[in-house]
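J.: We have chain A already, so just place chain B on it with the hints.
There are 2 protein chains.
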Amino acid sequence: MEKLVSAQTRIADLGKPRVVVIGGGFGGLEVAKGLKGVKAQTVLVDKFNHHCFQPLLYQVATSGLETNSIVFPFRKRFADQEDFFFRLAEVTRVVPEDNVIETSIGSIRYDYLVIANGATTNFYGMQDVTQNALPMKTIIDSIKLRNIIIRNFENALLAEDADVMNSFMDFVIVGGGPTGVELAGALSELKNHVFPKDYPELEIGHMDIHLIEATPRLLNGMSEVAGRKAKEYLERMGVQVHLDMAVESYDGHTVRFKSGAELKSRTLIWAAGVTGQPIAGIQPEVLGRGRRILVDEFNLVKGYSNIFAVGDAALMEGDPKFPNGHPQMAPPAMQQGRLVAKNIARLIAKKTLIPFRYKDQGSMATVGRNKAVVDLKAFKTQGVIAWFIWMFVHLISIIGFRNKFFVLLSWLWSYFSYDKSNRIIIARPKDGVQ
Amino acid sequence: MEKLVSAQTRIADLGKPRVVVIGGGFGGLEVAKGLKGVKAQTVLVDKFNHHCFQPLLYQVATSGLETNSIVFPFRKRFADQEDFFFRLAEVTRVVPEDNVIETSIGSIRYDYLVIANGATTNFYGMQDVTQNALPMKTIIDSIKLRNIIIRNFENALLAEDADVMNSFMDFVIVGGGPTGVELAGALSELKNHVFPKDYPELEIGHMDIHLIEATPRLLNGMSEVAGRKAKEYLERMGVQVHLDMAVESYDGHTVRFKSGAELKSRTLIWAAGVTGQPIAGIQPEVLGRGRRILVDEFNLVKGYSNIFAVGDAALMEGDPKFPNGHPQMAPPAMQQGRLVAKNIARLIAKKTLIPFRYKDQGSMATVGRNKAVVDLKAFKTQGVIAWFIWMFVHLISIIGFRNKFFVLLSWLWSYFSYDKSNRIIIARPKDGVQ
Numbered sequence: 001m002e003k004l005v006s007a008q009t010r011i012a013d014l015g016k017p018r019v020v021v022i023g024g025g026f027g028g029l030e031v032a033k034g035l036k037g038v039k040a041q042t043v044l045v046d047k048f049n050h051h052c053f054q055p056l057l058y059q060v061a062t063s064g065l066e067t068n069s070i071v072f073p074f075r076k077r078f079a080d081q082e083d084f085f086f087r088l089a090e091v092t093r094v095v096p097e098d099n100v101i102e103t104s105i106g107s108i109r110y111d112y113l114v115i116a117n118g119a120t121t122n123f124y125g126m127q128d129v130t131q132n133a134l135p136m137k138t139i140i141d142s143i144k145l146r147n148i149i150i151r152n153f154e155n156a157l158l159a160e161d162a163d164v165m166n167s168f169m170d171f172v173i174v175g176g177g178p179t180g181v182e183l184a185g186a187l188s189e190l191k192n193h194v195f196p197k198d199y200p201e202l203e204i205g206h207m208d209i210h211l212i213e214a215t216p217r218l219l220n221g222m223s224e225v226a227g228r229k230a231k232e233y234l235e236r237m238g239v240q241v242h243l244d245m246a247v248e249s250y251d252g253h254t255v256r257f258k259s260g261a262e263l264k265s266r267t268l269i270w271a272a273g274v275t276g277q278p279i280a281g282i283q284p285e286v287l288g289r290g291r292r293i294l295v296d297e298f299n300l301v302k303g304y305s306n307i308f309a310v311g312d313a314a315l316m317e318g319d320p321k322f323p324n325g326h327p328q329m330a331p332p333a334m335q336q337g338r339l340v341a342k343n344i345a346r347l348i349a350k351k352t353l354i355p356f357r358y359k360d361q362g363s364m365a366t367v368g369r370n371k372a373v374v375d376l377k378a379f380k381t382q383g384v385i386a387w388f389i390w391m392f393v394h395l396i397s398i399i400g401f402r403n404k405f406f407v408l409l410s411w412l413w414s415y416f417s418y419d420k421s422n423r424i425i426i427a428r429p430k431d432g433v434q
Numbered sequence: 001m002e003k004l005v006s007a008q009t010r011i012a013d014l015g016k017p018r019v020v021v022i023g024g025g026f027g028g029l030e031v032a033k034g035l036k037g038v039k040a041q042t043v044l045v046d047k048f049n050h051h052c053f054q055p056l057l058y059q060v061a062t063s064g065l066e067t068n069s070i071v072f073p074f075r076k077r078f079a080d081q082e083d084f085f086f087r088l089a090e091v092t093r094v095v096p097e098d099n100v101i102e103t104s105i106g107s108i109r110y111d112y113l114v115i116a117n118g119a120t121t122n123f124y125g126m127q128d129v130t131q132n133a134l135p136m137k138t139i140i141d142s143i144k145l146r147n148i149i150i151r152n153f154e155n156a157l158l159a160e161d162a163d164v165m166n167s168f169m170d171f172v173i174v175g176g177g178p179t180g181v182e183l184a185g186a187l188s189e190l191k192n193h194v195f196p197k198d199y200p201e202l203e204i205g206h207m208d209i210h211l212i213e214a215t216p217r218l219l220n221g222m223s224e225v226a227g228r229k230a231k232e233y234l235e236r237m238g239v240q241v242h243l244d245m246a247v248e249s250y251d252g253h254t255v256r257f258k259s260g261a262e263l264k265s266r267t268l269i270w271a272a273g274v275t276g277q278p279i280a281g282i283q284p285e286v287l288g289r290g291r292r293i294l295v296d297e298f299n300l301v302k303g304y305s306n307i308f309a310v311g312d313a314a315l316m317e318g319d320p321k322f323p324n325g326h327p328q329m330a331p332p333a334m335q336q337g338r339l340v341a342k343n344i345a346r347l348i349a350k351k352t353l354i355p356f357r358y359k360d361q362g363s364m365a366t367v368g369r370n371k372a373v374v375d376l377k378a379f380k381t382q383g384v385i386a387w388f389i390w391m392f393v394h395l396i397s398i399i400g401f402r403n404k405f406f407v408l409l410s411w412l413w414s415y416f417s418y419d420k421s422n423r424i425i426i427a428r429p430k431d432g433v434q
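Each protein sequence line maps, in turn, to chains A and B. Counting along the first sequence from 1, when you hit position 334 you're at 334 in the numbering used here, and nothing is skipped either side. Counting along the second sequence from 1, when you hit position 33 you're at 33 in the numbering used here, and nothing is skipped either side.
It should be emphasised that the hints constitute simulated quantities derived from the structure, not laboratory data. Warning: the hint list may mix true and false statements.
Note that identical chains are pooled: a pair holds if it fits in a single copy or bridges any two copies.
[Stated by the list, open to error] When the alpha-carbon atoms are kept at most 27 Å apart in a straight line, the in silico DSSO-like pairs for lysine-lysine are as follows:
no., residue 1, residue 2
1, LYS359, LYS302
2, LYS342, LYS39
3, LYS404, LYS359
4, LYS350, LYS36
5, LYS197, LYS39
Next comes chain A alone, as it looks inside the complex:
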């Protein structure tokens, strides 16, 4: 962008307290929504112009859903909200002493700041893994992964050497959390129902899907029965689940494990964990475990009275059930976001703040058609009923009637046709593998 333009942000000063929200994920979106009707100016800053429903990224990556069904433009969401401003920008620094953030389009003054910039893929400092493995945290990651999965099969067709062919057809997913489990399940559906028809020239039996988990079980955040059932479903679907296996290195062709074992694959998908992405200007002493920002029970960043952090970016200690901070999932982020909006309104009205209490509604993961695991407060269930619960919960959580409707139709279509329709490569050969 030219200097001319990036010099300033042109946000009108409304003479009201200004709340700047960094990041429009689950947490930040709830803050912005919660400020509707509050006598404040809301400025949402995000590096994308749309919210992304991250729990379904894996379905975009595996050709099940269209990109557009799981993203929603911020400006459309907030078109009716007065005193709301959006700016497409990357935040580079917070300057608390001046109540200002610096961004790619200039600096923005705030009265209240909410840091809701989420988390990023954690490669645990392994340089070769960072370089060669594929993350799946953004919509761009998902589209790249979709391109790669399909291009791998086009390449496998061409390989003279059996080992080379195999390395294109094998997929290694690291991380036995919901993302890894769901992705492994979706890949096995491609293997079982789609690729045999698309690639009759290839022996589909050569396609191996490995799910790697460093601990002794899958879905560590869920009940023991959920983890066990997920493993059982995945194995029934042909996924090779490896527990107690930790990756040591990956050069783009061979995954080496700490045990000395090896797997050959051109595609290592990294879903093994996330880490905070603290913004410059936030003092290192307020960073806790996982580089999350330490906050008090009001989500106020330690040492500040007008800077909040919510969701994956924030670490609230003191909840006896979650001594290491709340899980880095949508529900805590949304609940915190809602309360922060309310508390900012109370601060403006000079009322006392309400402390955060996490309402744990349980968690769930889907493995494949008719197969999911659900841990709710009231009960746990696995199988078809769990699968329906999973679909229902995700459908109602997607923003916008149109997106809900298109996702539902896509699911119905896939269910009855056993097809995943979006197996397209949006790139030319000369653009490289992506």
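T.: Only chain B this time, still in chain A's reference frame:
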């Protein structure tokens, strides 16, 4: 791609005559479809893994349709067709003396070759226009254009200087054919119904849409009344139509016309014409007007008995109604493709060839909601009825029930909501303007 893989194409030799089709657009697709049941091996080579319904690219560019609704994976289309092979590759050379094509993944032998690689944007040799204008011929072009249109508005918000702001809000479309007319209409719908809500901070009156045509009328391929009505509709919708204006230069900021006039805009969309993209190895003496390959009445390339060319890539002289070759649109390409498949079957069966006769079914263009122009053989019509005919014809032409259904739903949604939902930027700020 590694050498190991690109060494060869691994297409099984079936001991049957092999028909290689270059390009899976409207023409090439009909050739491949028409070879079903013929005792021949079909090899389709394309640089994308999907067919693209080009007539609706402009709706992707203007956020009306999702990418995936207008593309269709080749492997899915031909999953049930025996002896069909697809290869994702770019063709670099034809070697007629060896009956071989060279591609990015190795060389492929053919018994019959069909060149159906279409046409590309014609910048008429203007270097600065080539560099700074935006084409709209591929799905990637459309996505880039969508990103740019929306990012322009985000940038306009930031401009201090009124001229700079204006240059981001103004769009110049060059070419008054169907693509230019339809794109101008769709942009004016964004202006009239979508952007005022998304960007209340901007004065939407500053958004100018200019449609530039070098000849004295719009839609030169259609009737005089169609051109006149299209102009009337566009002007009613706020588009500034400039006839008899030819572009001389464009530096990315200022469009200069041969008349000396100027327009300031950051976005020049070039829909002013196409040109053939002959493959190396095809002798220059068989190239005709517009770099199309001269073919006889059987679509056989002049001088060859086993190389055909169809559609935009081919120039068949001798049709008294079209002395300069058939129009570069889907219908002639499809009709030629169908006949070429049939004639290849006849060649294999040692029967005589059937000459091509173009059945001109007319043409049409849409301008906006309830506004289209249609020239059919039986009658001409403009307005609502034309608009319904346009939608019906396009819907039935899109491949696949699912795509038809999703396009129809998207249209219904947009019609009743006046909304275009897909206004998303699939790129980060640091990825640059695209």
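J.: All hints are to be evaluated individually against the structure, with a verdict given for each.
T.: Verification of the hints:
1. LYS359 to LYS302: Within. Shortest intra-copy distance 23 Å satisfies the 27 Å Cα cut-off; inter-copy 76 Å does not.
2. LYS342 to LYS39: within (12 Å within a copy, 72 Å between copies)
3. LYS404 to LYS359: within (25 Å within a copy, 44 Å between copies)
4. LYS350 to LYS36: within (18 Å within a copy, 76 Å between copies)
5. LYS197 to LYS39: between (59 Å within a copy, 21 Å between copies)
Hint compliance for this structure: every hint is met.
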